[in-house]
Amino acid sequence: MTTEHNPQIFSDATKAKGEAIIELTDVDKFFGDFQALADINMNVGLQEVIVVIGPSGSGKSTLIRCINRLEKHDRGRIVVDGIELSDDIKNIQEIRRETGMVFQSFNLFPHLTVIDNITLAPRQVRHESKKDAEDNAMALLERVGIPEQARKFPGQLSGGQQQRVAIARSLAMKPKVMLFDEPTSALDPEMIKEVLDVMIELAEGGMTMIVVTHEMGFARAVADRVVFMADGYIVEVGTPEHFFTNPQEERTKLFLSQIL
Amino acid sequence: MTTTAPAPPQQTPVDWVRKNLFKNWWSGLISVILVPLIGYMAYRSLRFFFVTGQWDAVRVNLKLFMKGTFPNMQIWRLIAQMMIFALAFGIGVGTNSAASQDRAEDAGLGYERGSILQTLARMWSLVAFISLLLFFATTDDVGNFINPFLVVGGALVMAAIGYQAHRFPRRIRNVGWLLTATFLVIGFQVVSGFDAGGWVPLAIIFGGVAYGAVPVERFDSAWLRFALRLIAIAVVVLIVQAVYRAVDSPGIGWDKWSGLHLTLMVSAIAIVLAFPLGLLLALARRSTLPALRIMATVYIEVIRGVPLITLLFMGQFILGFLLPGGTVLSAITRAIAVMTLFSAAYIAEIVRGGLQALDKGQNEAGQALGMAPPPIMRRIILPQALTAVIPAMVGQFISLFKDSSLLSIIAILEFLGVRKIIHAQADFRSVAFAETLIFVAIGYWAFAFAMSRESQRLERRLRVTR
Ligand SMILES: Nc1ncnc2c1ncn2[C@@H]1O[C@H](COP(=O)(O)OP(=O)(O)OP(=O)(O)O)[C@@H](O)[C@H]1O
Ligand SMILES: [Mg+2]
Chain A
474 MTTEHNPQIF SDATKAKGEA IIELTDVDKF FGDFQALADI NMNVGLQEVI VVIGPSGSGK
534 STLIRCINRL EKHDRGRIVV DGIELSDDIK NIQEIRRETG MVFQSFNLFP HLTVIDNITL
594 APRQVRHESK KDAEDNAMAL LERVGIPEQA RKFPGQLSGG QQQRVAIARS LAMKPKVMLF
654 DEPTSALDPE MIKEVLDVMI ELAEGGMTMI VVTHEMGFAR AVADRVVFMA DGYIVEVGTP
714 EHFFTNPQEE RTKLFLSQIL
Chain B
8 MTTTAPAPPQ QTPVDWVRKN LFKNWWSGLI SVILVPLIGY MAYRSLRFFF VTGQWDAVRV
68 NLKLFMKGTF PNMQIWRLIA QMMIFALAFG IGVGTNSAAS QDRAEDAGLG YERGSILQTL
128 ARMWSLVAFI SLLLFFATTD DVGNFINPFL VVGGALVMAA IGYQAHRFPR RIRNVGWLLT
188 ATFLVIGFQV VSGFDAGGWV PLAIIFGGVA YGAVPVERFD SAWLRFALRL IAIAVVVLIV
248 QAVYRAVDSP GIGWDKWSGL HLTLMVSAIA IVLAFPLGLL LALARRSTLP ALRIMATVYI
308 EVIRGVPLIT LLFMGQFILG FLLPGGTVLS AITRAIAVMT LFSAAYIAEI VRGGLQALDK
368 GQNEAGQALG MAPPPIMRRI ILPQALTAVI PAMVGQFISL FKDSSLLSII AILEFLGVRK
428 IIHAQADFRS VAFAETLIFV AIGYWAFAFA MSRESQRLER RLRVTR
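Chains as they are written, first to last, in this note's numbering: chain A, 474 to 733; chain B, 8 to 473.
Treat the hints loosely; a few may be bogus.
Unchecked claim - Simulated pairs of lysine-lysine, DSBU-like, Cα-Cα distance not exceeding 30 Å:
id, chain 1, residue 1, chain 2, residue 2
1, B, K70, B, K367
2, B, K409, A, K647
3, A, K563, B, K367
4, A, K603, B, K367
5, B, K367, A, K666
Honestly, the hints are just simulated from the structure, not real lab data.
Please construct the entire structure, taking both the sequences and the accompanying hints into account.
Here it is as structure tokens:
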């Protein structure tokens, strides 16, 4: 029942690394007069793992929330898998279907069991049959290591388990890109690893990922590039290697010295 | 465990009095004043209840309180209705407890399925009220009243039979809910009649079931899914319609209802109609379309700013001008319309409160999964928002139930209004006002209290899962 789904669970991405799947060009975002994103230019290649770091309020969440239109950017272009984000609701939903998102506060649906959390969108959006959706959900729960929790409610799970359910829920839509907004910062220390392990496995399986996190171990293990943001700008981009040994900008050095 | 704690010192009655009534000088003073006062009032009340009260006014008119001016020859309809409602109640309780058990066991929680007796014990205020009726009714010598013990006993048996629905295998659990709804409609129509026009409620219920039951998931085309659902609904509606046309048996319209029966029915109808209307108003008020939003807001604020009694009077005198010429609505129809429109505004505000209180991360999670706004609302937002407002919602239903007594002011003889008939009788022309009032008050309380208790329980049970 489970094995036939496994090969493509973590990614539909079969194309070669390097081809751009997300392109941000001259993106600006304002909240009233306040500029949250300034002049953002960034490309993300297929199967690339990007870690975004930066001080609080620097615009990290806003950046990834613009990519799936939870926030509307004010200037510039955002193209995801060849589709440009516009006000066209069809385009937006198309992009959201290809973009999974994991939130800091999990945002599981507390009135639904774990399995119903996972199957809701596949059934509503992709019109999968109940059986297919549940088989797939069980396979995903297996992969994130908690198949025995399928019939429980989110409130009965630990934080780490909840976040793993949230990851499974996103993956059930078979997205091409996964966005993570500080997925471990609401977790007790002993649960961080179980979530990071799932994310590392995901990255190694070839998923394209943008991860906002301060977990430098994760960045070192799987990030292809690290993006450092401050005051809405991208200040510095480079390999993890570059960041940990030889950061160029003063702000980067200051920030890294504070968190490392 | 070898050491035992020293036994707590035995509390004597004297200790209790000292501790609770004479803790210090001022509590002692208050006790000295209050205890005799309360004692005296209790004595007077008990004396009134058991010695001086002229309960004949209630006893003789018990049937009047229950059914008012409803035609005597048609009482069998009321009894049949009670039996069918009892059956529906039993099926509902049985299905619900089985469903809770399924959920709890899935989630690895223990669950003790209560018996129907426990359910009745929880509703002790209703049981007490019915006992009170029986107490009076057994000494009723008005004649053609079917033995009330048989009626109540029959209802209990029907409820117990219905409760067996908990044995339905899980696969067909929803059939229990369908039966509950169907029997509620049939029970209602046993009195109101199965006329050709009565098909609407069952058509809505079965149409809804058809919408959900057609296996459309396998089809990718949205149009095809839509068309299949439409066809299924049309087929079901036509069948229901055909059945009603074949039966076509008229009953007693609600303009002839009265007494407690009318009170309960008016409240139930107004609740059933006001809830979806209020829901739509709440959604309209949050709509992004300005016209819709403004209309809903104006409606809600106007209605909430006007007393119900004013609206009821307006309903009697003004509604006629607003409707196309020649439309004649009975006083009760107009009253139900007004109660519905009135309650909908309050329900809308309650729902809006629930929507606002919900964490916006829930909506975002749905959006991020690519879900469209309507399913997000239906599957994610509303279930949570409505659960959160159950206490306020039931509170609104209870006030609606009690407010239905205002109908007595516009000359409708519901539970409270029946007193007018009683005190026009030669025997009770200007006596026993207090007795009949107290009886009516107990009746309202019995229902309101049971509703409030059930809502607390429902709330507690739904909270378990979060
Ligand atoms: N809805 C909003 N309305 C107004 N200002 C906002 C809104 N959302 C974010 N901001 C502001 O935009 C700036 C960037 O916010 P953002 O949440 O992207 O920061 P962040 O880098 O994710 O910070 P953190 O590490 O605290 O999560 C902050 O100054 C924040 O106050
Ligand atoms: Mg953030």
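Going down the list of hints, with the structure as the test:
1. Only pairs whose Cα atoms come within 30 Å are accepted, and K70 (chain B) paired with K367 (chain B) is rejected, the gap being roughly 54 Å.
2. Note on K409 (chain B) and K647 (chain A): the hinted pairing is violated, with a Cα-Cα distance of about 54 Å set against a maximum of 30 Å.
3. The suggested pairing of K563 (chain A) with K367 (chain B) holds, with an alpha-carbon distance near 22 Å, which does not exceed 30 Å.
4. Taking the CA atoms of K603 (chain A) and K367 (chain B), the gap is near 28 Å; set against the 30 Å cutoff, the hint holds.
5. Annotation: proposed proximity of K367 (chain B) to K666 (chain A) holds, straight-line Cα distance about 28 Å (limit 30 Å).
Checked against the numbered hints given earlier, the structure breaks hints 1 and 2 and satisfies all the rest.
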